[in-house]
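From just these sequences and the hints, can you work out the full model?
One letter stands for each residue in the lines below.
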Amino acid sequence: MIHSIIVEIFAAVCPWLALALCFQFGAVLCRVKAIGTRRLLLLGLIALGMLAVPIQGIPIARWVASINSNFSIPFTGLLAVTVWEQAFAKKIFSARDWHTTWIFGAVGGLVLYPLALGFGKFDTYEWGWSFSPLFAGIAALTGLLIWKQNRFGILLLLAIVAYHLRLLESMNYWEYLLDPVYCLISILALGYLLARRCCRRRQPNQR
Amino acid sequence: MRQSAIRGTLILLGVALNLVPALRHDGRTAGIVPEFRIPANSSTASQTPFFREEFINPDSALPMSHVASICELPDGRLVATWYSGSREGARDVAIFLSTCAPGQSVWSTPRAIVTRESAARDLNRSIKKVGNAVIFEDSTGLLELLYVSITVGGWSGSALNLTTSADQGLTWTPSRRLTLSPFFNFSELVKNAPVALTDDSWVVPIYEEFLGRFPELLWLRKNAGDFIATKSRIAGGELVFQPALVSLSSNTALVVLRDYTPQKKISVARTADAGRTWISPAALDLPNPNSGLDALRLTDGRLLLAFNDSTLGRENLRLAVSVDEGRTWMRVATLDEEGGSIFSYPFLIQGRDGCVHVVYTWKGKAIKHVEFNTGWLDERQHEAAQ
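Residue numbers (my numbering), protein chains in the order written: chain A, 1 to 207; chain B, 1001 to 1386.
It is possible that part of the hints are untrue.
Said to hold, decoys possible - With a cut-off of at most 30 Å between alpha-carbon atoms, the simulated BS3-like pairs for lysine-lysine come out as follows:
| hint | chain 1 | residue 1 | chain 2 | residue 2 |
| --- | --- | --- | --- | --- |
| 1 | A | K91 | A | K148 |
| 2 | B | K1264 | B | K1363 |
| 3 | A | K121 | B | K1222 |
| 4 | B | K1265 | B | K1128 |
| 5 | B | K1265 | A | K121 |
| 6 | B | K1265 | B | K1363 |
| 7 | B | K1363 | B | K1128 |
| 8 | B | K1264 | A | K121 |
| 9 | A | K90 | A | K148 |
For the record, the hints were derived by calculation from the structure and aren't laboratory data. This one's a predicted model, so the numbers in the text were calculated from it and none came from an experiment.
Structure below.
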């Protein structure tokens, strides 16, 4: 019972951060560079209040959970990092950390989703039920990233902690590492970065 | 120096936590693989043929009833579930339950046990509709109900939920949602009966119909009163789905599959390692008009199949028997047949007394129960052979 309440509360963290981030973008549009602790707390409380508003008897947070109750830990972490960076105008993730984040989301998504959705006889989703190459691979990657002082490694460490605490409704390790929204954003971000790099390479030749 | 120590600790923690699952006692990782539990073979002595049929919900005010399942309680009573409403997929659809005393042909007044509202309350989320349900009894005498709920879209947006009754169906625990797909937990459905395993866990044939239609297995293991659910695949997006799982021995089994391809034939896939790996499905010489079917291993070793014997529609429901573990089949009886009508979604069990029970959708508006013994089946098989 207590565990299911914790799971429901945790399912609201990602929508809460996403809403707080939307408010922050609103503040950015109003040319506020760093909103600071007090304003951040206020925005957080407003976001929390909004998520608690019931529609047809179900709080908005649970409407979001109705569609997806398993937002991954890296995605939740990324939202938290973005909210923090926006609020205090301080960098937590370097460009290299963000690149790792997008590469992990895109590559992980390509390994997981096509096969899990039935393209082929083999199902990579099965790796997440119990110890498998997925766990060994993530162990190695977590160690490597932390060794290289890449902060995305901390998010991977938090993912395995959350898996052991069963913070999500799912019991599959994949869900703690990836979700479709994170995967999609990662693919778009990588596409944008690649396009930008291509544009930069072309510019000198044009001169 | 201090930073290096923190980094080292974090690395150790990350690696250790990822490797802990390797040490955890788990059927799959510890090398202890549960096998299929096979019911003891019963006497094949000839019985006086017996056949009976009746409607479970003859006075239903609801115009649509579909997807029935049935199980036998320890006291010999039968419990059936199905869903009824104004139409398939409507918001007023509810899952109903009815019981029947041993040897009787009158079923109790159907009672809604899961509605859209009750599912939404239990699961604390938006539920648009409920659908397919399968009832079974676990080794401790608890009744388990596995059912489909939909939040977004049609059947492809469905998820599976589990609820338990400790008082033979009178009251049910709050439903629990099973997360079985990484893509918004979309598209997991159930239609046919589970098979018990030697460690008191269950394997349930389920299927997916989102981007592809393919069969899967849901492994349900009890742990401290709760179920641990995991999933494995039988075949990829090959357009055969809705598996009926038939265990042949402790390690061998087959699944009989509904066909969504233009060939319109029933397919069969086999396993020799208790469901871990499967040989790709192969078509049988029996038609399938993209309709649900079910199969059962009788205690005398014969296999029984209930199916729509047509490539065009569901206007008949026949029984076929196999004596060679599903390689060849002989049509033995017709349960219902009428041009332009629909008889579909059969569900088979064999009772402790050896009688076979079939429940199915009758003309889309009622659930019919057919009961016969092996004597009746022997007679039909004998007639068909001549």
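Do the hints match the structure? See the list:
1. A hinted pair counts as satisfied when its Cα atoms are at most 30 Å apart, and K91/A with K148/A qualifies at roughly 18 Å.
2. About 22 Å separates the Cα atoms of K1264/B and K1363/B, which keeps this hinted pair within 30 Å; it holds.
3. Straight-line distance between C-alpha atoms of K121/A and K1222/B comes to about 28 Å, which keeps the hinted pair within the 30 Å bound.
4. Note on K1265/B and K1128/B: the hinted pairing is violated, with a Cα-Cα distance of about 33 Å set against a maximum of 30 Å.
5. Restraint check for K1265/B and K121/A: satisfied, since their Cα atoms lie roughly 20 Å apart, inside the 30 Å limit.
6. In summary, the hint linking K1265/B to K1363/B is supported, as the alpha carbons are separated by about 23 Å, within the 30 Å threshold.
7. The hinted pair formed by K1363/B and K1128/B meets the criterion: a straight-line CA distance of about 25 Å does not exceed 30 Å.
8. This hinted pair checks out: K1264/B and K121/A have alpha carbons roughly 21 Å apart, not beyond 30 Å.
9. Annotation: proposed proximity of K90/A to K148/A holds, straight-line Cα distance about 21 Å (limit 30 Å).
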